[in-house]
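If you're matching them up, the sequences are chains A and B in order. Each residue of the first sequence is one higher than the one before, starting from 1 at the first, in our numbering. Each residue of the second sequence is one higher than the one before, starting from 1 at the first, in our numbering.
Simulated from the structure, these hints should not be mistaken for laboratory data. Values in this document were obtained by computation on a predicted structure and should not be read as measured data. Zero decoy hints are in this set.
Pairs of lysine to aspartate or glutamate residues, derived as EDC-like cross-links and limited to a Cα-Cα distance of at most 20 Å, are as follows:
id: 1; chain 1: B; residue 1: Lys345; chain 2: A; residue 2: Asp104
id: 2; chain 1: B; residue 1: Lys341; chain 2: A; residue 2: Asp104
id: 3; chain 1: B; residue 1: Lys20; chain 2: B; residue 2: Asp352
id: 4; chain 1: A; residue 1: Lys538; chain 2: B; residue 2: Asp267
id: 5; chain 1: B; residue 1: Lys10; chain 2: A; residue 2: Asp601
id: 6; chain 1: A; residue 1: Lys538; chain 2: B; residue 2: Asp206
id: 7; chain 1: B; residue 1: Lys157; chain 2: A; residue 2: Asp563
id: 8; chain 1: B; residue 1: Lys20; chain 2: A; residue 2: Asp588
id: 9; chain 1: B; residue 1: Lys341; chain 2: A; residue 2: Glu580
id: 10; chain 1: A; residue 1: Lys340; chain 2: A; residue 2: Asp522
id: 11; chain 1: B; residue 1: Lys20; chain 2: A; residue 2: Asp93
id: 12; chain 1: B; residue 1: Lys341; chain 2: B; residue 2: Glu40
id: 13; chain 1: A; residue 1: Lys611; chain 2: A; residue 2: Asp601
id: 14; chain 1: A; residue 1: Lys568; chain 2: B; residue 2: Glu40
id: 15; chain 1: B; residue 1: Lys20; chain 2: B; residue 2: Glu6
id: 16; chain 1: B; residue 1: Lys345; chain 2: A; residue 2: Glu580
id: 17; chain 1: B; residue 1: Lys113; chain 2: A; residue 2: Asp550
id: 18; chain 1: B; residue 1: Lys345; chain 2: A; residue 2: Asp93
id: 19; chain 1: B; residue 1: Lys10; chain 2: A; residue 2: Asp93
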Amino acid sequence: MADLLAIGTSGVLAHQTLLSTTSNNISNVSTEGYYRQSTQVYTNNINQGCGRTETTRVIDTYNQRELLRDNAQVGYYDTIKSSLSTIDTLLSDSATGLSSSITDLFASIQSANSNPTSVANRNELLGSCETFVNKVNTLSSNIEQEYLDTNQKIEETVATINQLLDGIYTMNQQIAKGAGQGDSSSYLQMMDERDRLISELSNYMDIKTVKQDSGATLVNLTSGQTLVLNDGCAQLAVSVSSLDDSEYGLKFTYGGQYTSLKTDVGGKLGGYFEACSNLKKVQSQLGKIALTLADSLNQQNKNGLTLENKVGGDIFTLPTQNVTSTSTTATMTMDFIPGKSSNITGNDYLFTVGAGNTYTLYEKIDGEFVEKETGNITGNNLTFEEYGFSISINGTLATNDKFLVQPTIDFGNTFDAIITHPEDLAFASVVRGSQNSQNQGNATIALNGVTNTDANSAFTIDAQDRISLNTDAPTKIVVDDNANYQVYDANNNLIGTAPQSTNGQNIMANLVDAGGNLVFADAATYPGYDFSISGVVKTGDSFSIELNTDGFADNSNGILMQDLEQAKLVQGQTNRTISESYSALVSDVGTDIKVATINYDAAVAKQEQTKTLNESVSGVNLDEEASNLVRFQQCYSASAKIISAAQTVFDSLLGAMG
Amino acid sequence: MQQSNERLEKASAQYNTGLKFQTAGEDPTGMGNKLRLEAEIATYSQYSINAGLASDALGLEETALSSMYEILGNVVIQMQSAVNGTLDSYNFEAIATSLEESLNLLFDLSNTKTADGEYIFSGSQSLQPTMVKNQDGSYSCQADAGFRQVKVAPSVKVTTSDSGLALFEQCQVCRSATATGDGNVSYSNYSDFNTFVNSYYNSAQDNTFTVNVATDGSYELVSNRDGSILQEGTLTSDNMTISFKGLEINMEGDFTLGALQTDITLDPPANDNFLNSISTVINALRDENMSQDELMQVLAQGQVNINNAKENINNALGHVGGRLSNIEQVVNSNNALNVIKEETKANISEVDVYETVENLLKEQNALNVAQQTFSVVTGSTLFDYI
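Work out the full structure, taking the sequences as your base and the hints as a guide.
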């Protein structure tokens, strides 16, 4: 039988612990990461009185792990949403977006074309071109800036992550060392701090935890990679691609060599990488749209005559793009093939040099390099017409050299309007047709279009851009007795005859020789122009084709330029007009953001739910602690009373013995 | 409270801008549709402007051509008035002077310029005049067959100019024939003769006939192309004229003495501008050495030529009128489409003002309630009472 004093003492001590736990809870009510502690008093197996006390954290480990997952989700969608939203505003806003620029450009073409000799209207068109170029440059450089900023954020996030990993590892060490003091509040609070660090880390990456018996918690990525071990922790670093110094990757080390890590780590870090690749895609697509418009207008301008009777030139530049490489002995540049902009996909290409002077060309589709073609390297210039670009090599190539060709990424930054004089806009066609004034029929001749003015057409362009028809070009059409259309050249040699059944339409394309074979394999290339005759023709009627010298009132080439607005110029899965392509781009960015927003809202709601559950289990409820405080005080007073009772007993005993 | 605040801000933004969404992130398909519709609306407004310009240009052309038509009508009347045997050289001089004035007016009108200094009838080379007067007094046309077009709808192009080459220069002049042998030709009815030549003449084939008069006076008019007999009849000694399709073939000589033969060759049909035709008549009226018969011939030819020119211009006026009414229809349909597109765009992207104000008030209330309950809920703890 224990004595009253001992019983009372054990009670007092136990309730003292209970009180201190409760007051600890109350003081820590606003502490971040604090888990409510509760003390259990166990029965005494040996004697009367209280047994041992054990203080533990009230924690729902399932909920804790759930919160880690939720944090990562929220961080991931949040970063995607906010990284894209600047670009979204830029693209959608009518002042900074490209949509109104495109329509203004075509409207200026229309008004300049309705009065082709007016220099004032032409000046306005030049102004519209400048505005368009400026907008594309601004958009492109803003996207690039956003991208570089996101790279910066990646670097900062990696630094923060490394600090956290270090912190977790250090805390784990201390916890393992102090395992002996298993129930002291300070030990529990160390665990709280470590758990807080883990929770903060989960914002940045998607992680899983594994509890160890020693009290330490190991941390892994959900994709499997271990970050914090018993005897060390990993440090992450940013790896810069050797081919593209704006492309970041991840690598990690345990103190020795670095191993690369896939970038889909979830959380904010994963979100930044995802946002980067989205931004790059937007920039590529923007470059592709600008390139297609510039190239089409250039090509059309080349088929016309300017106000100075010269053949038209380029309106916009298609600048040479630099190519990054791993080679130490050779450099490469990339040029666009004029007229083949419809073949540009907007993807990047990898050019690798193999043994025996061979090459392999890969296309980057959805982040993976897919082999497209191989061949031998002949000379210093290679043309890839089906991809729309050509490359030229300087220096000597070595085996395993790699070159990254990025056609459209930088295009928006470097593209510019090259035309400076309003007279250089070529709205008139290069050739015109006339009927002979002595014709008895009422037929008229109209130009279908000029499709080719290059060296393989019937035109010759000299160094000063003056154009002339070759002597063997078809320049005269005479109607014979059977209403066939005979075509002669400048020296009156018969080139061929278009039969009466053609009704005078597309004379050059339908021209046959005496044997009935087509004279021109492809009238669009040679002679590069075609005419149609409509109306009644009489025998002997003749029509002549000549250069449209001084024909400034003609606006047929300008009309073809206007038609480019409705033409499906941009190739892809579906062919689209320039405007449609741009609104599709804006829609795509908007969809990405909308999806991210919806997911973010869902993730936040889930996170709130988990947090609330967590709070309800582990959070400090002041009301509960207040009533506990009152209760434990009473218990303490009651136990203290036992001691005073013991004293009274002892005093009485002493008093009884006299 | 936070959520209430967010919703209030969104409603306020909607009310202030009148738009349902500002960025594509809020409504991707809506933004895509809105951008597309805006582009189309802008294009259609440009088409309206173009249609206005086209109407103006065609209006100018119509005015010029109508005036020319009227003056040409006047010219024909003046020419007719000169066909009067009682007139003397002073009368002819008066008619010639008034014809000259009409000629100058027509010359001016054929060189009509726009306000920018472009000649509307010159085809592609609009900086040079359509008709020029040469040193020898004749007029030639410098225009080519070019024309200008204007887009008034995505696939509708309206021609806004006509070339003087087809309008002025390609006017048919009277056909003629040459006789060799025992006969000569004169013309009784130019219209009939012109019609015959237009249908018969073929530049790739033989265009001559032979008239054979036998000793008994019977004649045959044989086509050398296929040997067919076009006309036959009998001549008498006091009627040696064969009338064939407006052509008078006067045989000379005595057929009783021997067969007579003459070859008639149709001259190649020609076109010339009406300024030259009028010039010819003026010169003939002033020529004192010309006989009355010749003068009458020239006047007859002149009238036929001018009538042909009138027909040309009339056709052109018809085309221009057709184009103008076409433009009007296209403009109307463009406007209707534009209204529909504006409406669609408004439905997609703009807010209903009443709805927005209602929303705004609702959110304000919600925020107030949230704020009040917040203070009640977090205000009291047990510690206040122990």
